[in-house]
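> Below, each chain spelled out in residue letters.
Protein chains: 2
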Amino acid sequence: MQIYKTIAETREALAGEALKNKIGFVPTMGALHKGHLSLVERCHSESDLTVVSIYVNPTQFGPQEDLNHYPRNLEKDIDLLRNYHVDIVFTPDDVQMYPEGYCTWVQVEGLSDILCGASRPGHFRGVATIVLKLMHIVNPKLMFMGMKDYQQIIVLEKMIEDLNLETKIVRCPIVREPDGLAMSSRNSYLTPDERQRATCLIKALKNAQKMVNEGHLDSSILISEAENIIKQSDGRIDYIKIVDGSTLQELPEVRSGSRMMLAVYIGNTRLIDNIELLP
Amino acid sequence: MQIYKTIAETREALAGEALKNKIGFVPTMGALHKGHLSLVERCHSESDLTVVSIYVNPTQFGPQEDLNHYPRNLEKDIDLLRNYHVDIVFTPDDVQMYPEGYCTWVQVEGLSDILCGASRPGHFRGVATIVLKLMHIVNPKLMFMGMKDYQQIIVLEKMIEDLNLETKIVRCPIVREPDGLAMSSRNSYLTPDERQRATCLIKALKNAQKMVNEGHLDSSILISEAENIIKQSDGRIDYIKIVDGSTLQELPEVRSGSRMMLAVYIGNTRLIDNIELLP
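In order, the protein sequence lines correspond to chains A and B. Position 96 of the first sequence, counting from 1, maps to 96 under the numbering used here, and the rest follow consecutively. Heads up: take any position in the second sequence, counting from 1, add 1000, and you land on the numbering used here.
Since the hints were made in silico from the structure, they are not lab data. Incorrect hints may have been included.
[Unchecked claim] Listed next, with one range per pair, are the computed distances between beta-carbon atoms:
#: 1; chain 1: A; residue 1: P121; chain 2: B; residue 2: D1048; range: 43 to 49 Å
#: 2; chain 1: B; residue 1: T1006; chain 2: A; residue 2: P279; range: 29 to 35 Å
#: 3; chain 1: A; residue 1: R82; chain 2: B; residue 2: E1100; range: 43 to 49 Å
#: 4; chain 1: A; residue 1: G110; chain 2: B; residue 2: L1074; range: 28 to 34 Å
#: 5; chain 1: B; residue 1: P1173; chain 2: A; residue 2: K34; range: 57 to 63 Å
#: 6; chain 1: B; residue 1: D1048; chain 2: A; residue 2: S256; range: 47 to 53 Å
#: 7; chain 1: B; residue 1: L1019; chain 2: A; residue 2: G215; range: 52 to 58 Å
#: 8; chain 1: B; residue 1: N1068; chain 2: A; residue 2: S256; range: 38 to 44 Å
Please read all numbers here as calculations on a predicted model, not as lab measurements. Quick reminder that beta carbons are idealized off the backbone N, C-alpha and C, glycines included.
From just these sequences and the hints, can you work out the full model?
Structural data, given as structure tokens:
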């Protein structure tokens, strides 16, 4: 496992590999958990060469957000990755990725302004920009991303299609704690009490899925039930929406491919989760 | 010389070429003149494989601009290119480049809002976006662009640097008519009288260069003299600026690398030109 801090070293190590080998890529912000590691395993099984990046991208955090407190533990992350089949770890700093005078941004309009984008202005602009930069450096055939960040996948798939890139995103299932809480680096912010209450997200989603299976397709009723479950655990709702799984447009009635998407504050920690309501 | 109308055919023809051969690329909007053809010749001399694109990119035209009247003559352009060493001509239509639902844009902030960008809001967003798309399709090592569109080169060089692309732009000299008018597809709009008056652009630039050689370095004096020359020919000035050749920032005094940049309406036709004032 080679560890590179610079774009130049990473490029050099990968020069010519894209034609000979199928490069698989797992972009991360570190603080690796089992969700990330499942992406790394999947990447290894489907690629010839596994590249992982660890970089807390400042441009996807808003000014009032948790950039400064976001968990960072590069040594531990690298130790974890040594147990997996990783060929290259790319760990740039801000000067590598956003040198002085940096001024180029990628915007996926429409898809970036709804759901998490409405609560976090500029978030997906930062995500699209850093991922495009990383893709130019790594040149992956496959990119492995977890479906907890479902909107992120949709935004990036649209960017890839619109900008005529050839990378394919492999959508990987959400990895959950035994009680159903979706794995997230931000779970470490939760107090023991909050950690217990945080299970309301998956409870609300599972309840909606169950209601759909019983024939309830009206979005407003499903959302209202989900709201009740979140409120019972003192969660503060950012949004709960039922959307088309491809376009992310809100739907008045559940149909094939519909998803329930939610963002909820438990204490000061903002958690997101989502579920497919009907295959 | 192969001519492809689709992204898929172009990709297929170029698959694997980027590693074996140095791909050179000349993006154009057609209506080819000697300026374009000098880029094609230069591309052939410095590349293993010469790719030319012909596409009038609608997203770089403002709503009040000349998109509908922009000269188009694909047959004649292709006939012209047959006299040169061109391997691939890519001639997509709007459905190829901007299919329904297209929504991804690249913005090079700051550099895109000044000079031509101030008069043509959204112009450089359209330019950056289409060139990035074409670069992803063609994967060029070298891209050949004329210095008449000097700001365009600066914007695209910044995009390439910021987005970690490896393409190098080869800046090619402005090709001029015998009387000094910079070659441009838009020169075809000019009436015989306007065509004669249009030489005021190069006269104003050459006069400024001469004054600098004589020791006059004050930008306001140089610009004022240029304004007089333009006005004597009934030109309507959009802008005349003296800027740093790398950053495009306005300079109160000429120094090494300074350029005079101007945009002038002759009748209804907007013409641009520029010159280096001091090496």
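> Against this structure, judge whether each hint is valid.
These are the hints, each one checked on the structure:
no.: 1; hint: A:P121 - B:D1048: 43 to 49 Å; result: holds, 46 Å
no.: 2; hint: B:T1006 - A:P279: 29 to 35 Å; result: holds, 34 Å
no.: 3; hint: A:R82 - B:E1100: 43 to 49 Å; result: holds, 47 Å
no.: 4; hint: A:G110 - B:L1074: 28 to 34 Å; result: holds, 33 Å
no.: 5; hint: B:P1173 - A:K34: 57 to 63 Å; result: holds, 59 Å
no.: 6; hint: B:D1048 - A:S256: 47 to 53 Å; result: holds, 50 Å
no.: 7; hint: B:L1019 - A:G215: 52 to 58 Å; result: holds, 56 Å
no.: 8; hint: B:N1068 - A:S256: 38 to 44 Å; result: holds, 42 Å
Consistency note: the structure conflicts with none of the earlier hints.
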